[in-house]
Amino acid sequence: MAAGIVPKFVGSRVKRREDPRLISGNGTYVDDIKLPGMLAAVMLRSPYGHAKINSIDVEAAKKLPGVVAVLTGEDIRGKLPTLITAAPAQNVPYHPALAQDRVRFVGEAVAVAVAIDQYTAQDALDLIEVDYDPLPVITDPEKALEADAPVIHEQFGNNISTRAEVKSGEIDRAMREADRIIKFRLVNQRLAPVPMEPRGAVAQWNPGSEYLTLWSSTQGPHLLRSYLAEVLKLPEHRMRVIAPEVGGGFGCKLNVYAEEVMTAYLAMLLNKPVKWIERRRENLATTTHGRDLITYIEAPVKNDGTILGLKARFICDMGAYLQLLTPMVPGFAGMMMTGCYKVPAMAFEQLMVFTNKMAPDAYRGAGRPEACFIAERTMDMIALELNLDPAEIRRKNFIPKEAFPAQIASGLIYDSGDYEPALDLALKHIDYPKVRAEQAEGRKHGRYIGIGICSYVEICGIGPSPMLPPSMKGGGWESATIRMEPDSKVTVLTGVSPHGQGQETSFAQLVADELGIGIDDVTVVHGDTAIVQYGTGTFGSRGTSVGGAALMMAVQKLQAKMKKIASTMMEVPPDQLTFNNGTIAMASDLTKSIPLQRVVDASYGHKHPIPGIEPGLNEAGFYEPTACTFPFGTHACVVEVDADTGVVKFLRYVAVDDCGRIINPLLVEGQVHGGIAQGIAQALYEEVIYDENGQLLTATLMDYAVPKAEMLPHYELDSTVTPSPINPLGVKGVGEAGTIGSTPCVVSGVLDALKPFGIKNLDMPLKPEKIWRAIQAARKA
Amino acid sequence: MRVTVTINGQRRSDEIEDRLLLVHYLREVAQLTGTHVGCETSLCGACTVLINGKAVKSCTVLAAQAEGVEITTVEGLVKDGHLHPVQEGFWEEHGLQCGFCTPGMLMLTTDLLSRNPDPSEAEIRHALDGNLCRCTGYQHIINAVQYAARKMRETRKSA
Ligand code: FES
Ligand code: FES
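Residue numbers (the numbering used here), protein chains in the order written: chain A, 1 to 781; chain B, 1 to 159.
If you are wondering where the hints come from, they were derived from the structure by calculation, not from laboratory data.
Heads up, a few of these hints could be off.
[Said to hold, decoys possible] Some chain A residues well away from chain B (every beta-carbon gap over 12 Å; in silico):
| no. | residue |
| --- | --- |
| 1 | L71 |
| 2 | K183 |
| 3 | G249 |
| 4 | L270 |
| 5 | A602 |
| 6 | N664 |
[What the hints assert, rightly or not] Under the rule of at most 35 Å between Cα atoms (straight-line distance), these lysine-lysine pairs were calculated in the DSBU-like manner:
| no. | chain 1 | residue 1 | chain 2 | residue 2 |
| --- | --- | --- | --- | --- |
| 7 | A | K8 | A | K183 |
| 8 | B | K157 | A | K489 |
| 9 | A | K755 | A | K428 |
| 10 | A | K649 | A | K755 |
| 11 | A | K434 | A | K233 |
| 12 | A | K649 | A | K767 |
| 13 | A | K79 | A | K62 |
| 14 | A | K342 | A | K755 |
| 15 | A | K444 | A | K62 |
| 16 | B | K54 | A | K183 |
| 17 | A | K564 | A | K489 |
| 18 | A | K767 | A | K780 |
| 19 | A | K708 | A | K755 |
| 20 | A | K34 | B | K54 |
| 21 | A | K760 | B | K79 |
| 22 | B | K79 | A | K708 |
| 23 | B | K79 | A | K489 |
| 24 | B | K79 | A | K34 |
| 25 | B | K54 | A | K649 |
| 26 | B | K54 | A | K708 |
| 27 | A | K434 | A | K62 |
| 28 | B | K54 | A | K8 |
| 29 | A | K708 | B | K157 |
| 30 | A | K15 | B | K79 |
| 31 | A | K428 | A | K767 |
| 32 | A | K649 | B | K151 |
| 33 | B | K157 | A | K15 |
| 34 | A | K8 | B | K151 |
| 35 | B | K151 | A | K15 |
| 36 | A | K755 | A | K434 |
| 37 | A | K183 | A | K401 |
[Said to hold, decoys possible] What the simulated footprint calls covered on chain A by chain B, stretch by stretch (three residues with Cβ under 8 Å from a Cβ of chain B suffice, anywhere in the stretch; the number is not a length):
| no. | segment |
| --- | --- |
| 38 | 19 to 26 |
| 39 | 706 to 716 |
Cβ coordinates follow ideal geometry from the N, Cα and C atoms, glycine included.
Model the full structure from these sequences, guided by the hints.
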């Protein structure tokens, strides 16, 4: 866009272009796909946390009218290889798509029934007889490390998948020179992502052309294609993966699941389309979980509150098998655990441990919520121990504005930042001095108000390719194609795979402004490997910062070509031209212009204007980011704890976020709201619970507390804007910020309210019963 | 067995299995896939439709029990090519992200506003208790409901 032309769409609250189809029932999610002759597949799942499979009798099930096939692990042994882990780990177990010899967590797929419809397939499951010998179960990762613990994968001799250490700066000296060392244990409990649309897949095999089409509710169709190609031993050009409308992902749909493999395999085996749709119980048991990290922290500090270093020991519960990125997530937590603070030295040890549970993997934030929780709880602990103000302790330790780009102890380089204004703004919104006074007054009358503060920084726009594990397909780059059609309307193909984020709108805003056209003149297409060039997908808040940057590259190539054509028609040098209101015009005099359509005609028509310029208007961009972006902000809340019931009530919730330049404020707000809701859910409500026998106690939405509208506060949002120098758009990313900032904020608020009782720490979720018990215990003491 | 119902103003009669859930009848037999299945256990609200004008979770009803009723699904909200004010509200206020919970939210809101034309934020939050959304954190949904309420009150006034 030329200087002086005001963007029409970028920066405005443009309503979403994806919505008309979604609000009228015209979206096509994977379960809405119906193909002639399609069969339904249903999985039989292990009721045991750990057991030996002696035998499986499927004969009765096979005889049921309408049943087409029943397969067990024996039927795929040697035919389908192990499922894939892309992240490096020392001990990687064999992970069959259907259990063989042993089951290792409740819900593990043992057999699959395929029938003419889902009801019949479900009936068939009742007729399958499995003879199990239960084995000792281990669900506590710390106990799994003990010498006499049952071993989940015998070939490794113990339950350790990986042990790794990272050390940087003079941590030992920091420990020696500290006035005191603050030590505590933190638990990030296990969570379930619970997208409202469970997973699902439909596969179609054409034996004539040996071509596989798979629809899957996935966040990364190209990645899925590459991994499936490996497992199914098919060439990628004979495979088409389509992510239709996807009903939420939050990280759990960035994976390669047994059911996706089996659905494709069955379609090829039976020469019939096959559909598998996950039911909610399966979703809670067999879709990847998140977090589940125990941390032992040691923070050397000076008596004035200066933090000298941070040391942590991580016990990471890996579940029974490793999913795609399971071993990668805790690493992010370690690398970011010093937060927005000057911490000259750090060290962390990771112990990744097998247990009889589902594998966790990326879940909204993937390592950064854990990191932020460590950093922020550490700040609160320091404030508490030294009797300092929690806001001031943060201010004192912030990386100063002048230090950016700032390299932190772990080696990461924060692109840009200015942390104090966000903190100040958040404190101003809640009227910090006044609310502290109210708190003091309230305490005199048995009213327990708490003020929570969380200053976060997170890592977005993943990322330069070396940040991803070497065995990961795709890369940290992203891709886009832009095509001006013969009628001068524009088609964009993006390699990201939005599923609620709204890039059909925000990308159209970008393109419309750049080309001086209307937003309705742009259509953004995504999620189909046969249409869209290879892309990495949507995760790690990278859609706009990386995908948008790729799009800008393509746009600029298109602009250059069109200017060149226009230049010969107008006899004006290309660098003096700009796009304006449906024309290509002289930047110095916008009235000297020719309509875009004439340039388009010239390019597509038979009278091509310049020899040496190819016909057509189709350009691609592949963008490799040079670094990650680091959005930041401060969340502040005021809560009240009812000491008689332990119930937490929100009085205020303020979020000040800095996600760089904003393309569509409406979409940014939506992302922040949803993020905050999920973060509060971790702080107060949600927890995946397995009992000591490995039974999943939170297997329905009755037991797993996804928050309802009444359980969440009214969010008040504000922002500061510090553009990122990393990408041409200046955007940072916002998909996960809300989640990262809100969990520590709420915990900080609740514990602040409980300060008069001498309660220093409580593990999440801070349910009324837990709070009530802690208060009772404190009162007795 | 046979069931006869009116869906979005159209009467139809089908031979069905006794155990068929209404939501599956709508999606598989009537081919109206706008109504979603999020749990099958009456806990998420994705399957909410109107039965004789009242919001009902269609996974908790057998198709057989729907004999003779009038059902409205999300596909029936558009009238004469115009969006229903509730749909408009969700669009204007960014009341949806992935859109999976949305049909249920729209049907629930339609029912709510027919009973309470001017609900407060607290009343809306309470009314939404049976419908989960994992994407929006609900605030934009509340704005959407309020937008629709305003719009419907204005139309009524001018009518
Ligand atoms: S599908 Fe009916 S309430 Fe969830
Ligand atoms: S918009 Fe995704 S669940 Fe509500």
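Checked hints:
1. L71(A), annotated as away from the interface, keeps every beta carbon of chain B farther than 12 Å; the closest lies near 25 Å.
2. For K183(A), the shortest C-beta to C-beta distance to chain B comes to about 35 Å, beyond the 12 Å cut-off, and the non-interface label holds.
3. Residue placement check: G249(A) does not keep its beta carbon more than 12 Å from all beta carbons of chain B (closest about 8 Å).
4. With a least beta-carbon separation of about 21 Å from chain B, L270(A) lies farther than 12 Å from that chain, consistent with its non-interface assignment.
5. Here A602(A) stays apart from chain B, with its beta-carbon at least about 38 Å from theirs, past the 12 Å limit.
6. The Cβ of N664(A) does not lie farther than 12 Å from every Cβ of chain B; its closest approach is about 9 Å, which violates its non-interface assignment.
7. With a C-alpha separation of about 53 Å, the suggested pair K8(A) and K183(A) falls outside the 35 Å cut-off, and the hint is violated.
8. Restraint check for K157(B) and K489(A): the C-alpha separation of about 42 Å exceeds 35 Å, so the hint is violated.
9. Restraint check: the Cα-Cα separation between K755(A) and K428(A) comes to about 23 Å, which is no more than 35 Å; the hinted pair holds.
10. For the hint pairing K649(A) with K755(A), the CA-to-CA distance comes to about 16 Å; that is within 35 Å, so the pair holds.
11. A distance of roughly 66 Å separates the Cα atoms of K434(A) and K233(A); the hinted pair therefore is violated under the 35 Å criterion.
12. Our distance criterion of 35 Å between C-alpha atoms is met by K649(A) and K767(A), whose separation comes to about 12 Å.
13. With a C-alpha separation of about 21 Å, the suggested pairing of K79(A) with K62(A) holds against the 35 Å cut-off.
14. Proposed proximity of K342(A) and K755(A) is supported: the alpha carbons are some 27 Å apart, at most 35 Å.
15. For the hint pairing K444(A) with K62(A), the CA-to-CA distance comes to about 72 Å; that exceeds 35 Å, so the pair is violated.
16. Restraint check for K54(B) and K183(A): not satisfied, since their Cα atoms lie roughly 56 Å apart, outside the 35 Å limit.
17. Straight-line distance between C-alpha atoms of K564(A) and K489(A) comes to about 19 Å, which keeps the hinted pair within the 35 Å bound.
18. For a cut-off of 35 Å, the pair hint linking K767(A) to K780(A) stands: about 20 Å separates their Cα positions.
19. In summary, the hint linking K708(A) to K755(A) is supported, as the alpha carbons are separated by about 28 Å, within the 35 Å threshold.
20. Taking the CA atoms of K34(A) and K54(B), the gap is near 30 Å; set against the 35 Å cutoff, the hint holds.
21. In summary, the hint linking K760(A) to K79(B) is not supported, as the alpha carbons are separated by about 58 Å, beyond the 35 Å threshold.
22. For the proposed pair K79(B) and K708(A), the alpha carbon gap of about 31 Å is at most 35 Å, so the pair holds.
23. Note on K79(B) and K489(A): the hinted pairing holds, with a Cα-Cα distance of about 30 Å set against a maximum of 35 Å.
24. As the CA atoms of K79(B) and K34(A) are separated by approximately 27 Å, the hinted pair is consistent with the 35 Å bound.
25. Restraint check for K54(B) and K649(A): satisfied, since their Cα atoms lie roughly 32 Å apart, inside the 35 Å limit.
26. Distance restraint check for K54(B) and K708(A): the Cα-Cα separation of roughly 21 Å lies within the 35 Å cut-off, and the hinted pair is therefore satisfied.
27. With a C-alpha separation of about 72 Å, the suggested pair K434(A) and K62(A) falls outside the 35 Å cut-off, and the hint is violated.
28. Restraint check for K54(B) and K8(A): not satisfied, since their Cα atoms lie roughly 43 Å apart, outside the 35 Å limit.
29. At roughly 33 Å between alpha-carbon atoms, K708(A) and K157(B) fall within 35 Å of each other, so this suggested pair holds.
30. Pair hint K15(A) plus K79(B) holds up; C-alpha atoms about 22 Å apart against a cutoff of 35 Å.
31. Straight-line distance between C-alpha atoms of K428(A) and K767(A) comes to about 29 Å, which keeps the hinted pair within the 35 Å bound.
32. At roughly 32 Å between alpha-carbon atoms, K649(A) and K151(B) fall within 35 Å of each other, so this suggested pair holds.
33. As the CA atoms of K157(B) and K15(A) are separated by approximately 27 Å, the hinted pair is consistent with the 35 Å bound.
34. Annotation: proposed proximity of K8(A) to K151(B) holds, straight-line Cα distance about 27 Å (limit 35 Å).
35. The straight-line distance between the Cα atoms of K151(B) and K15(A) is roughly 18 Å, inside the 35 Å bound, and the hint therefore holds.
36. Taking the CA atoms of K755(A) and K434(A), the gap is about 18 Å. The hint holds against a cut of 35 Å.
37. With a CA separation close to 29 Å, the supplied pair K183(A) and K401(A) stays within the 35 Å bound.
38. For the segment 19 to 26 of chain A, the stated coverage by chain B is satisfied: 7 residues place a CB nearer than 8 Å to a CB of that chain, which reaches the threshold of 3.
39. Only residues whose C-beta sits within less than 8 Å of a C-beta in chain B count toward coverage, and the segment 706 to 716 of chain A has 7 of them, enough to reach three; the restraint holds.
Figure legend: structure checked against the earlier numbered hints; hints not met, in rising order: 3, 6, 7, 8, 11, 15, 16, 21, 27, 28.
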